[in-house]
Amino acid sequence: MSPVLAGVLQMVALIAALALAYRPLGDYMAKVYSSDKHLRVEKWIYKGIGANPNTEMRWPSYLRGVLAFSAASVLFLYLLQRFQGSLPGSLGFSSIDPDQAFNTAASFVSNTNWQSYYGEQAMGHVVQTGGLAVQNFLSASVGIAVAVALVRGFARSRTGELGNFWSDLVRGTIRILLPISVIAAIVLVACGAIQNFSGIHEVGQFMGGSQQWNGGAVASQEAIKELGTNGGGYFNANSAHPFENPNAFSNLFEIFLILLIPFALTRTFGRMVGSLKQGYAILATMVTIWIGFTALMMWTEFAHHGPAFDIAGGAMEGKETRFGVGASSIFAVATTLTSTGAVDSFHSSFTGLGGGITMLGMQLGEIAPGGTGSGLYGMLIMAIIAVFIAGLMVGRTPEYLGKKIGTREIKFAACYILITPALVLVFTAAAMALPTPGNSMTNSGAHGFSEILYAYTSASNNNGSAFAGLNADTQWFNSTLGLAMLLGRFLPMVFVLALAGSLAEQKPVPATAGTLRTEKPLFTGLLVGAILIITGLTYFPALALGPLAEGLAS
Numbered sequence: 204m205s206p207v208l209a210g211v212l213q214m215v216a217l218i219a220a221l222a223l224a225y226r227p228l229g230d231y232m233a234k235v236y237s238s239d240k241h242l243r244v245e246k247w248i249y250k251g252i253g254a255n256p257n258t259e260m261r262w263p264s265y266l267r268g269v270l271a272f273s274a275a276s277v278l279f280l281y282l283l284q285r286f287q288g289s290l291p292g293s294l295g296f297s298s299i300d301p302d303q304a305f306n307t308a309a310s311f312v313s314n315t316n317w318q319s320y321y322g323e324q325a326m327g328h329v330v331q332t333g334g335l336a337v338q339n340f341l342s343a344s345v346g347i348a349v350a351v352a353l354v355r356g357f358a359r360s361r362t363g364e365l366g367n368f369w370s371d372l373v374r375g376t377i378r379i380l381l382p383i384s385v386i387a388a389i390v391l392v393a394c395g396a397i398q399n400f401s402g403i404h405e406v407g408q409f410m411g412g413s414q415q416w417n418g419g420a421v422a423s424q425e426a427i428k429e430l431g432t433n434g435g436g437y438f439n440a441n442s443a444h445p446f447e448n449p450n451a452f453s454n455l456f457e458i459f460l461i462l463l464i465p466f467a468l469t470r471t472f473g474r475m476v477g478s479l480k481q482g483y484a485i486l487a488t489m490v491t492i493w494i495g496f497t498a499l500m501m502w503t504e505f506a507h508h509g510p511a512f513d514i515a516g517g518a519m520e521g522k523e524t525r526f527g528v529g530a531s532s533i534f535a536v537a538t539t540l541t542s543t544g545a546v547d548s549f550h551s552s553f554t555g556l557g558g559g560i561t562m563l564g565m566q567l568g569e570i571a572p573g574g575t576g577s578g579l580y581g582m583l584i585m586a587i588i589a590v591f592i593a594g595l596m597v598g599r600t601p602e603y604l605g606k607k608i609g610t611r612e613i614k615f616a617a618c619y620i621l622i623t624p625a626l627v628l629v630f631t632a633a634a635m636a637l638p639t640p641g642n643s644m645t646n647s648g649a650h651g652f653s654e655i656l657y658a659y660t661s662a663s664n665n666n667g668s669a670f671a672g673l674n675a676d677t678q679w680f681n682s683t684l685g686l687a688m689l690l691g692r693f694l695p696m697v698f699v700l701a702l703a704g705s706l707a708e709q710k711p712v713p714a715t716a717g718t719l720r721t722e723k724p725l726f727t728g729l730l731v732g733a734i735l736i737i738t739g740l741t742y743f744p745a746l747a748l749g750p751l752a753e754g755l756a757s
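Take the sequence shown: its position 63, counted from the start at 1, is 266 in my numbering, and no numbers get skipped.
Possibly wrong hints are sitting among the right ones.
[Said to hold, decoys possible] The following label-pair restraints were derived from C-beta to C-beta distances:
1) W247 / K710: 37 to 43 angstroms
2) G395 / N646: 31 to 37 angstroms
3) V215 / L242: 55 to 61 angstroms
4) R720 / L740: 23 to 29 angstroms
5) W679 / A216: 42 to 48 angstroms
6) L740 / P638: 27 to 33 angstroms
7) A632 / K234: 45 to 51 angstroms
8) P382 / P638: 50 to 56 angstroms
9) A393 / N646: 38 to 44 angstroms
10) L755 / V712: 46 to 52 angstroms
11) G521 / Q415: 23 to 29 angstroms
[Stated by the list, open to error] Computed cross-link-like contacts, DSS-like style, restricted to lysine-lysine with a CA-CA straight-line distance of at most 25 angstroms:
12) K607 / K710
13) K607 / K480
14) K246 / K234
15) K723 / K710
16) K480 / K723
17) K234 / K614
18) K710 / K614
Hints were generated in silico from the structure; no laboratory data involved. Backbone N, C-alpha and C define an ideal beta-carbon position, used for all residues, glycine too.
Build out the structure end to end from the sequences listed, making use of the hints.
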């Protein structure tokens with residue numbers, strides 16, 4: 204079987220698996236967030252944290268819950284790392300330096316999971332399981348909660364109430380993420396991923412010295428790492444490491460986990476707003492971009508530009524021979540079009556244009572299908588922008604799902620789409636202008652610039668993957684990337700929840716002959732075009748200096 208055919212067949216199998224899970228999972232999540240009943244374990248949690256799950260919140264209260272919980276999480280994870288040397292199960296590792304502890308705390312709480320450290324050489328069992336793995340669940344649940352709040356804004360009328368943050372947080376964790384992760388972890392253990400609390404073992408000699416590996420609860424963390432679109436690996440090689448990703452089946456299964464909830468949330472959206480066709484329109488937009496990017500990535504990586512590529516069957520540098528070009532391309536697109544950031548190959552070793560595709564996927568806002576929750580609310584923001592553009596073309600006040608998109612709503616949407624590009628471009632410009640950050644670049648020229656641009660794109664969009672050539676463990680990068688991650692995660696949420704509150708207060712307007720039918724293929728095409736044009740106009744100059752220059756020169 205040719206490598207190209209193998210890649211295509213894996214893509215077909217992945218689509219089939221996602222299609223089978225789409226309806227039951229989407230409907231189940233809609234029931235979870237629409238139910239007024241609480242499980243016994245949930246009642247215990249509410250009592251423990253002193254929250255009343257039946258109290259409806261307006262958007263300022265909902266936002267305060269998000270920010271207060273996330274701030275407490277950052278502080279807890281920071282202190283856990285700082286005191287690691289005094290904790291049991293630390294495997295003899297010392298406490299984490301302040302700048303790296305801040306970076307890691309900001310990273311995992313913001314669902315970014317950027318890592319400027321070697322996981323197997325820095326973090327003990329307590330920090331991995333009690334800190335990082337816990338945040339993998341909670342940060343993902345926060346994202347889904349914010350998305351559900353925006354959906355309620357569309358579904359409700361003449362009220363500013365968006366639900367209860369504490370109830371949404373607990374339900375998302377207990378009823379959705381935890382049970383699926385348990386099943387996924389069992390599958391990964393069956394595939395060969397490790398799951399233990401062993402210490403450090405010498406596994407052989409390597410270049411005259413001993414090679415050592417430590418064990419860990421890898422399969423359980425790998426499951427929520429992918430399912431929650433987190434991305435942080437137990438080992439520095441991430442999902443290219445055989446302890447995390449043993450074989451071709453586990454590789455495809457991990458891609459399935461990455462895409463599962465973001466795609467299924469479009470069904471949840473359609474169910475909660477009372478129109479499944481609206482959910483299908485958003486799904487079609489996501490699928491169109493995802494398949495287009497995957498096809499383009501496979502083309503760039505399979506294209507033969509010399510004898511080495513001819514012999515290898517494609518650009519195999521930086522890719523695992525267990526997976527090959529096809530599976531690596533599918534994984535790279537899935538992880539950068541979502542906020543996952545896990546890698547089974549090294550994006551810096553991709554062709555110039557291939558590396559640019561991974562970068563562009565993040566710069567779209569990671570909305571095809573995006574992160575758990577963040578992908579849906581990001582796509583809905585872009586849908587509002589597309590409706591507004593259509594309204595300008597016909598001279599009509601834009602409407603979406605029966606809600607008028609007025610001055611207030613479009614300001615919130617505009618602020619949302621401007622935050623992340625501003626963070627990426629300002630921080631990249633500062634890093635290139637100052638003398639010290641440039642010393643961290645492994646390469647010069649266009650590829651070196653791509654390393655910096657990729658890092659801030661990854662951090663600001665809460666992706667977490669790296670270009671694998673930048674030494675980011677410096678005070679400058681730990682501090683600025685940590686700041687970019689926090690601002691890139693929580694500032695957009697302010698405008699999402701403000702928009703949700705504004706929409707919930709409105710009275711629905713009836714559809715007329717002049718209303719844009721947002722469930723039709725025409726709107727899907729308009730939405731795809733708006734996403735690509737807005738992103739292109741924003742990032743094209745920066746991309747031209749990096750991956751485009753490198754790709755066209757090769």
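The hints, checked one at a time:
The supplied range of 37 to 43 angstroms is met by W247 and K710, whose beta-carbon atoms lie about 40 angstroms from each other. At roughly 35 angstroms, the beta carbons of G395 and N646 sit within the given window of 31 to 37 angstroms. Between V215 and L242 the Cβ separation comes to about 38 angstroms, which falls outside the hinted range of 55 to 61 angstroms. Between R720 and L740 the beta carbons are some 27 angstroms apart, a value that agrees with the proposed interval 23 to 29 angstroms.
In this structure the hint that W679 and A216 lie 42 to 48 angstroms apart at CB holds, the actual value being about 44 angstroms. Checked against the hint of 27 to 33 angstroms, the C-beta distance between L740 and P638 comes to roughly 31 angstroms, which is consistent with it. In this structure the hint that A632 and K234 lie 45 to 51 angstroms apart at CB holds, the actual value being about 47 angstroms. Checked against the given bound of 50 to 56 angstroms, the beta carbons of P382 and P638, roughly 51 angstroms apart, stay inside it.
About 40 angstroms separates the C-beta atoms of A393 and N646, a value consistent with the hinted range of 38 to 44 angstroms. For the pair L755 and V712, the beta carbons lie near 49 angstroms from each other, so the given range of 46 to 52 angstroms is met. Between G521 and Q415 the C-beta distance comes to about 24 angstroms, which sits within the given range of 23 to 29 angstroms. For a cut-off of 25 angstroms, the pair hint linking K607 to K710 stands: about 9 angstroms separates their Cα positions.
This hinted pair checks out: K607 and K480 have alpha carbons roughly 19 angstroms apart, not beyond 25 angstroms. Simply put, K246 and K234 have alpha-carbon atoms about 18 angstroms apart, close enough for the 25 angstroms limit, and the pair holds. With a CA separation close to 24 angstroms, the supplied pair K723 and K710 stays within the 25 angstroms bound. Taking the CA atoms of K480 and K723, the gap is near 8 angstroms; set against the 25 angstroms cutoff, the hint holds.
This hinted pair does not check out: K234 and K614 have alpha carbons roughly 32 angstroms apart, beyond 25 angstroms. With a C-alpha separation of about 20 angstroms, the suggested pair K710 and K614 falls inside the 25 angstroms cut-off, and the hint holds.
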